[in-house]
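First to last, the protein sequences are chains A and B.
The letter at position 226 of the first sequence is residue 226 when you use the working numbering, and the numbering goes up by one with no holes.
The letter at position 132 of the second sequence is residue 132 when you use the working numbering, and the numbering goes up by one with no holes.
One or more hints might be untrue.
As the list claims (entries may be wrong) - Which residues of chain A face chain B? A partial, calculated answer using Cβ under 10 Å:
id : residue
1  : Cys-69
2  : Trp-124
3  : Ala-143
4  : Leu-144
5  : Trp-145
6  : Asn-201
7  : Met-203
8  : Cys-206
9  : Pro-211
10 : Gly-219
11 : Met-225
12 : Phe-233
13 : Val-236
14 : Tyr-241
15 : Lys-244
No wet-lab data here; the hints were simulated from the structure.
Even glycine gets a Cβ: it sits at the ideal position worked out from N, Cα and C.
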Amino acid sequence: MYKNIFLCFFLILTRSLSWGLDGKEALSEEENIYQKIANVAITVKGKEYPLSAFYSKSPIIIAQVFTRCTGICMPFLLQLKTNLQFIQTGKSYKILVLSFDPRDSESDMQQLAETFSLQNDSNWIFATTDEIETLNNSTGFRALWDSSSLQYSHEALLTGINSEGIIKKKLIGMKNREAISNLISEINHGFIPSYSIPGQNSMLNCFNYDPVSGKNKPGIGFLIMAVPALATFLLVLLLGYLSKGLYHRRT
Amino acid sequence: MAELKHKRVLSLWILTVFLLFVASIIMGILMRLTQGNAMKMDVSGFFEIMTVHGATMIGIWFVAGMASVHYLLHRYVRVTTWINLFAMVFTVIGVVMLWCAAFIGKFHAGWTFLYPLPLFVAWKHWATPVFLSALGVLSVGWLVWSVGMLVAIFKKYTLQQAFGWQYFKKVHQVDTPPFILITVVTLIGIVACLLTALLLLGLFFSEIASGNKLVHDALLMKNLTYFFGHTVANEILYLCLATLYELLPEVSGRPKWKNSWYIALAWNATMIFILFAFFHHMYMDFVQPEAMQVIGQLASYFASLPAVAVTLFSVLAFVFKNSIRWTTTNLLFFLGTMGWIIGGVGAVIDSTISANVFLHNSLWVPAHFHTYLAMGSVLMSLAFFNWVVFDFYNQSEPEKISRLQIILLLIGGFGFLLMFYLGGAYSIPRRFNVYPSQLSIGSALALAAAAFAVVYLIAIILINIRIVKRCIKIFSSASS
Ligand code: HEM
């Protein structure tokens, strides 16, 4: 009995502590989701195309990078390339590596493709655009110029666009194979099982996902499910107790 | 003999149920005609009708079962009329609110109002709170009714006696009629699911009041919804079975059925297992641990098997071992039991995980629940109505059965159901207002179903003419 009360209290406490922690990333990954991507003009190998020319043929994943990056861009692309080599989804998609730095030229992007030996891979497209601002607003990408390091401070963002030009999913940071595989599936109209993680505005989850163990642990909601049945049980006990008195008085 | 005021209240219940039943069948026929492309209805109109049809049908056959049990309880314990009246007032208010929310407010999220659908307002803004409040009003009215009846029973029987636990001992002094035992286990299930409904509605309202800033866990909401919805639909049947145990031998001119350890064990087990059976609605919810899915499958088997086994055994042994005085009442009880068993087999198949993968949300689902409701509990309740209108006048029912009515009922009812089953077998999805060209077989089946449903409606009206006439008479004679 005391153990259960303690467990309830502990669950409430841990839930309330966790509210503040996990809301932020989930929100930014959800920013602009299900919106239509801006149909900006992009330049690939010297030729200009509307973005729709690509996504209307097959879903695309946009990776926004800049070639002078001394930070995350190179490991990010390398990891993406490596992961994709191991992901056999059988689904169609293309990777559009798009520079968000106005200084990047067409040849900078081709050099980047060569650095990763992707210049002849038809699944990879390296491009620039003159409408960086519009595209950033559309994908919710933010890059801040730091004049002391001459670098952009930015997120590693993958934006999944389906063949109707809708932003179906965004991944922020270096994600594992499973996450990327889900991204590919989702832009191909696949079903991706998802379960909300506790946020600031929800508190009664049946299960809480523990990223360390990768397991779902029962939460307050799980206990709440039992409340009506327990209340009925107590009510019946009470009625039974009262009736016992009556019965003895009668007999 | 029941007092006049009890008869008056019961006759009012019967008249209300009949009126709403006819209206709801017509709605069902309109839906089938729309699905069969024989008429056009706008999308929102179709789903408004589906919402009202589902909620009204469940509601009326629930109150029919409760009113029947309430009436028969007078034979054993003292139950007050005011809880019956209280429930009636709350039911009328609830139904009016519900119909207004759907037909004026255009609310059409289905009678299961699965979260978060009611909060994605595609209708008048007031309609969601009014629909949810309607369910709240109904739940409160029915909760008071159920607890009132339990209190009345526990005033006479101790806890052990009410559950029939004395039959597990070698000697026992007090007998518990099967009717009391089944009523108690059923009312307990009803109290649990109505409390769940109130909790669920509270969670909905907390989200609405927070301006949707508070977001509830969809999994918790779905669990609560099906705990309520699935359990209440099943308890309707158990209410009918309580009346069957009480009346079938009596109207057949045979001695009353006695309780025994296996009947007590079966119904105690049913009371527990039915509370877990709803997990079979959660098979597609991958977050729910596998163990809960397995519990769902096993509980679905164990909730139905003991009650089915003892009832079917008792009914079949009774019918085939005795020479029976057949009347409309016992024939309807018998046919209702068969409908319940056939629908139950459909339910057990659907609750088997490996089959559910294919049948989930296909027309198989309405097929099985319409079988045990439209050809199960409805027939058992009609049996009770048919018996009680003679009991009102202390008469016994004549030994005459209208073959035409029964044949129309069987052809109409099972023909209508067969179209649902065939739809399920062809993987036609449920809750589609029109079927796309790839599923044109669904439209053909719907059209045939509409024709059968008209036959069912005619049979229902014919069977009810005498019942309605006698109810009006007892109601007006008492008030004049
Ligand atoms: C001949 C009479 C009836 C007809 C023509 C009829 C017709 C229908 C139709 C067409 C649907 C929608 C099926 C779908 O596509 O998903 C439906 C749903 C339903 N019916 Fe009936 N029905 C009849 C009798 C009954 C009875 C007697 C009950 C209960 C006692 C009942 C309870 C329900 C419920 C609960 C739903 C589910 C609504 C939802 O999915 O939200 N029906 N019915």
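Hints, one by one, checked against the model:
1. At a threshold of 10 Å, the smallest CB-CB gap from A/Cys-69 to chain B is about 37 Å, leaving the interface hint violated.
2. This hint is violated: A/Trp-124 has a C-beta 33 Å from the nearest C-beta of chain B, more than the 10 Å allowed.
3. Against a cut-off of 10 Å between C-beta atoms, the interface hint on A/Ala-143 is violated, since the closest Cβ of chain B lies about 31 Å away.
4. Evaluation of the A/Leu-144 hint against chain B yields a violated restraint, the C-beta minimum of about 30 Å exceeding 10 Å.
5. Taking 10 Å as the C-beta contact cut-off toward chain B, the hint placing A/Trp-145 at the interface is violated, the least distance being around 35 Å.
6. Annotation: A/Asn-201 was flagged as interfacial toward chain B, and the flag holds, the nearest CB pair being 5 Å apart, inside 10 Å.
7. With a cut of 10 Å, the hint placing A/Met-203 at the interface with chain B holds, because the nearest CB-to-CB distance is about 8 Å.
8. Using the Cβ-Cβ criterion of 10 Å, the hint placing A/Cys-206 at the interface with chain B is satisfied: the shortest such distance is roughly 5 Å.
9. Nearest Cβ of chain B to the Cβ of A/Pro-211: about 15 Å, over the 10 Å cut. The hint is violated.
10. At its closest, the beta carbon of A/Gly-219 sits 8 Å from a beta carbon of chain B; the interface hint therefore holds under the 10 Å criterion.
11. Interface hint at A/Met-225: satisfied, since its Cβ lies 5 Å from the closest Cβ of chain B, which is below the 10 Å cut-off.
12. This hint holds: A/Phe-233 has a C-beta 8 Å from the nearest C-beta of chain B, less than the 10 Å allowed.
13. For A/Val-236, the interface hint holds, since its Cβ comes within 10 Å of a Cβ in chain B; the closest pair sits about 6 Å apart.
14. Interface hint at A/Tyr-241: satisfied, since its Cβ lies 8 Å from the closest Cβ of chain B, which is below the 10 Å cut-off.
15. For A/Lys-244, the shortest C-beta to C-beta distance to chain B is roughly 6 Å, which falls under 10 Å, so the interface hint holds.
When held up to the earlier numbered hints, the structure conflicts with 1, 2, 3, 4, 5, 9 and fits the remainder.
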